[in-house]
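Student: Listed in order, the protein sequences are those of chains A and B. 1 is the number of the first residue of the first sequence in my numbering; add one for each residue after it. 1 is the number of the first residue of the second sequence in my numbering; add one for each residue after it.
Check before you lean on any hint, since a few could be wrong.
Which copy? The list can't say, so a pair holds if one copy fits it or any two copies do.
Stated by the list, open to error - No more than 30 Å apart at the CA atoms, straight line, and that leaves these computed lysine-lysine pairs for DSSO-like:
| no. | residue 1 | residue 2 |
| --- | --- | --- |
| 1 | K57 | K76 |
| 2 | K46 | K6 |
| 3 | K64 | K76 |
| 4 | K6 | K217 |
| 5 | K76 | K176 |
| 6 | K6 | K76 |
| 7 | K6 | K200 |
| 8 | K32 | K76 |
| 9 | K200 | K29 |
Don't read these hints as lab results, they were simulated from the structure.
There are 2 protein chains.
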Amino acid sequence: MALNVKNNQAVILYSGGQDSTTCLKWAMKKFKQVRVISFDYGQRHKAELKAAETIAKRLRLRNKVIPLPFFSQITKNALTDKKIKVKTGTKGKPPSTFVDGRNMVFLTVAAIYAKQLGIPNLVTGVCQTDYSGYPDCRDAFIKSIEKTLRLAMEFPFKIHTPLMFLTKADSVRLMKKLGGLPLLKYTHTCYEGVRPACGKCPACKLRLKGFEEAGIKDPLPYAQ
Amino acid sequence: MALNVKNNQAVILYSGGQDSTTCLKWAMKKFKQVRVISFDYGQRHKAELKAAETIAKRLRLRNKVIPLPFFSQITKNALTDKKIKVKTGTKGKPPSTFVDGRNMVFLTVAAIYAKQLGIPNLVTGVCQTDYSGYPDCRDAFIKSIEKTLRLAMEFPFKIHTPLMFLTKADSVRLMKKLGGLPLLKYTHTCYEGVRPACGKCPACKLRLKGFEEAGIKDPLPYAQ
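Can you build the whole structure from these sequences, using the hints too?
Tutor: In structure tokens form, the structure reads like this:
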């Protein structure tokens with residue numbers, strides 16, 4: 001178990017969405033080799049996992065998909081339960097799409113996987129700026145879990161969050177700079193799980209607003 | 001989601017072993033109501049989960065069993081892989097039974113479950129004294145994950161570790177004080193997964209030593 005620490009490699013937590021695809025391009029520039037991990041947590045729409053697979057394939061990366069069947073068993077939220085409506089958050093109340101503890105589980109499982117391969121770097125697309133009321137997207141949480149992971153596994157994990165303090169528009173501009181805009185055509189964002197995207201749900205609206213502010217056209221097909 | 005915090009209730013991470021059974025009795029004394037959660041992570045021996053079920057039933061508690069099928073998919077260790085031999089740790093090397101990140105996943109999932117029920121208290125039988133080289137049994141780790149869980153879910157989690165600084169003998173004495181010794185007959189400890197227990201594997205030896213030092217007879221049947 002005396003592992004070689006491969007500092008020039010990284011594991012990317014990959015959802016197939018706009019943010020994690022931007023992180024993936026960022027990581028491919030920063031690290032010599034990257035690995036992709038996705039989570040099947042019973043999300044409403046398999047479109048997300050499908051997008052992750054499609055994009056990983058285009059980039060000639062293998063995507064490790066981890067089954068997490070317990071989420072729908074112990075939590076109630078609009079992402080894993082079709083009977084619950086998608087609602088944006090209000091003051092003091094997270095949106096109905098919030099899955100409690102999701103990022104904490106994802107990061108922990110990704111870290112376990114990464115350590116087996118001797119990889120200390122984890123990259124995630126969480127963002128405090130537009131965090132929509134999700135507490136586990138904030139920098140304070142990331143710093144805290146990084147420390148906890150190191151203690152739990154005695155391994156020098158480093159969590160990279162290239163989007164943490166960017167607005168959605170900044171993140172679109174970053175992707176342009178990385179030469180990754182065409183890839184965004186294959187990403188999945190829409191909470192309704194449709195393709196072309198609905199353009200009306202909170203996730204689509206946030207995405208469209210970002211492109212608009214950046215003055216760049218979203219390559220994703222929309223219904224309207 | 002504005003939850004009522006039920007400070008007089010607790011969720012116990014329950015393996016069906018000696019330590020977590022002692023914690024269960026401890027928690028039943030301390031809290032008005034307790035809930036039990038166990039994890040099916042592909043452990044070699046279902047004897048553990050069976051013991052958890054038997055004891056929960058005797059105490060008239062329902063046991064929530066959470067499937068975590070990914071462990072055997074991403075890690076190599078003697079607990080989830082029968083081809084790997086059980087070996088004790090040596091200096092600087094954890095034992096072959098160490099499952100990287102296990103307690104971190106267990107505590108996170110238990111916290112998600114507890115929050116849904118409005119329960120802030122989590123009880124776990126981790127112990128620094130006899131920690132056998134498992135970094136995620138130490139107090140520094142528990143303090144760190146407690147903080148991380150609070151940040152991740154904005155909920156006032158409190159992790160209770162009644163055995164943290166006890167020796168195995170202390171823990172036997174505690175169980176005697178709690179009137180729980182007869183329950184230990186139904187627990188499972190043996191790494192070989194047999195009943196009567198083998199009495200020879202590292203887990204059996206540690207258990208027997210504790211009873212011997214406490215001057216109390218282990219009610220568990222042994223092969224020799």
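Student: Please work out whether the CA atoms of K6 and K76 approach to 30 Å or closer within one copy, between two copies, in both situations, or in neither?
Tutor: Between copies only: 19 Å across chains, 39 Å inside a chain, cut-off 30 Å.
Student: State whether the alpha carbon distance between K200 and K29 is at most 30 Å within one copy, between copies, both, or neither.
Tutor: neither (33 Å within a copy, 53 Å between copies)
Student: How would you classify K6 and K217 at a CA-CA limit of 30 Å: within, between, both, or neither?
Tutor: For K6 and K217, the Cα distance exceeds 30 Å both inside one copy (38 Å) and across copies (50 Å).
Student: Is it within a copy, between copies, both, or neither that the alpha carbon of K76 lies no farther than 30 Å from that of K176?
Tutor: neither (37 Å within a copy, 40 Å between copies)
Student: Within a copy, between copies, both or neither: where do K57 and K76 come within 30 Å Cα-Cα?
Tutor: between (33 Å within a copy, 27 Å between copies)
Student: Cα distance capped at 30 Å. Does K6 pair with K200 within a copy, between copies, both, or neither?
Tutor: neither (43 Å within a copy, 39 Å between copies)
Student: Evaluate K32 and K76 at a C-alpha cut-off of 30 Å and name the case that applies: within, between, both or neither.
Tutor: Between copies only: 25 Å across, 40 Å inside.
Student: Tell me, please, which holds for K46 and K6 at an alpha-carbon limit of 30 Å: within, between, both or neither?
Tutor: Cα proximity of K46 and K6: none, with 33 Å in one copy and 36 Å across.
Student: Is it within a copy, between copies, both, or neither that the alpha carbon of K64 lies no farther than 30 Å from that of K76?
Tutor: Result: close both inside a copy and across copies, 26 Å intra and 16 Å inter.
The structure does not agree with the numbered hints 2, 4, 5, 7, 9 stated previously, though it agrees with the rest.
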